[in-house]
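S.K.: Sequences are here, hints too, so could you generate the full structure?
Line order of the protein sequences matches chains A and B. If you read the first sequence in our numbering, its first letter stands for residue 1, the second for the next number, and so on. If you read the second sequence in our numbering, its first letter stands for residue 1001, the second for the next number, and so on.
Treat the hints as calculated values from the structure; they're not laboratory data. None of the values given here were measured: they were computed from a predicted structure. Every residue, glycine too, gets a C-beta built ideally from N, C-alpha and C. Some clues are possibly wrong.
Covered stretches of chain B, going by a simulated chain A footprint (3 or more residues, C-beta under 8 Å) [as the list claims (entries may be wrong)]:
no., stretch
1, 1001-1009
2, 1020-1033
3, 1055-1065
4, 1070-1077
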Amino acid sequence: MAGLTGRMSTVVKAKVSKLLDRAEDPAETLDYSYQKQVEQLQNVKKGIADVVTAKKRLQMQEATLKQSVVKLDTQARQAVSGGQEDLARTALERKNVAQTELQGLDTQVSELEDQQQKLTDSEQKLRAKIEAFRTKKEVIKAQYSAAEAQVKISEAATGVGEQMADVGLAMQRAVDKTENMKARADAVSELEAAGTFDDVTALGSGEDDIDRQLKQLSSQPAVDDELAKMKGELGQGSAPAAAQISEQSQEAGAGGHGSESAPADAQPAEGGQG
Amino acid sequence: MIVRVSTEGQYELQDGALERLHELDNACQAAVDAGDGERFHACYEQLLELIRGEGSELEDADLRGSDLTLPPPDITLEEAQSEFSAHGLIPD
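M.R.: As structure tokens, then:
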């Protein structure tokens, strides 16, 4: 068969023969095959453990990011209430980045779940085939002459060899996917280390490197929209903060028009978040 | 005949399904050659459905080898375009 299946079949057949052709004596073939099978099964177990570890790591990062999202949202609301629009914007930009990362991690965790399931299935199939091979091996030993044994062994070994090659393929794909996810997890860790998800109120004024990078990373319209929405929810309309501050000052009837007095009057919106 | 879907399992297929399998296989290869990912994935999915639908899955302990081996269901167009061995689709 010429198409896709033909090419793949040829490659797999070559691979399986290579796997089995190393020993010439039937007894040796049996022992060699069996030893290889058991080794491969150990590898699969290790592969599953690696996938589980990677998954746990991503899940831990997810938990941290979820906390950051809540914290940054709270801070943005407090900043809006206090008329500190720049601070609110910074908090929302960081929240935006955290949310984007969170979505990515979510997809990756479910992909890892799939990989884990696939490897577990593969392990089960391989285990069943190895057990069947072990039984057959004893029958072959007891019943056949060396010449016949060679044929029977290669028949039985082909079935297991093929499964071993297939498990190898499943493992490789799982490892590749896990590597990609490790890279993603590392990227999140770097953002974390750079203080991206840190408490914005703990930062000094002035734009730092993180702020500049964040502005590139986060989608500005989304931040604008959310800021406007937040202001609406907090009953501040969508007017720029400076205008609001002077409005508030006038409404309060305070003689001083200094903008410093306004944030002090405004209460953090803790009541609204209860 | 016995067909293996890589990373999934082995299926035993009646010879009647062979012609259809052959057609779909060639159609998939044509899509790969044309570099049409969408057509390739649709076609390959059809091919897999044929095997899963018409074939009966072999027992895990069955030691028979396969007559045909298909690439894994999550194969990418790039992988299908490459030689399967050269880019690691089949590990050493």
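S.K.: Could you run down the list of hints and mark each one as holding or not?
M.R.: Quick rundown of the hints versus the structure:
Given as covered by chain A, the stretch 1001-1009 of chain B passes the check, having 5 residues with a CB less than 8 Å from a CB of that chain where 3 are the minimum. Evaluation of the coverage hint for the stretch 1020-1033 of chain B: fulfilled, as 7 residues show C-beta separations to chain A shorter than 8 Å, against a requirement of three. Restraint check on the stretch 1055-1065 of chain B versus chain A: 7 residues with Cβ-Cβ distances below 8 Å, three needed, restraint holds. A stretch counts as covered by a chain when three or more of its residues have a beta carbon under 8 Å from one of that chain; for the stretch 1070-1077 of chain B and chain A the count is 4, and the coverage holds.
Consistency note: the structure conflicts with none of the earlier hints.
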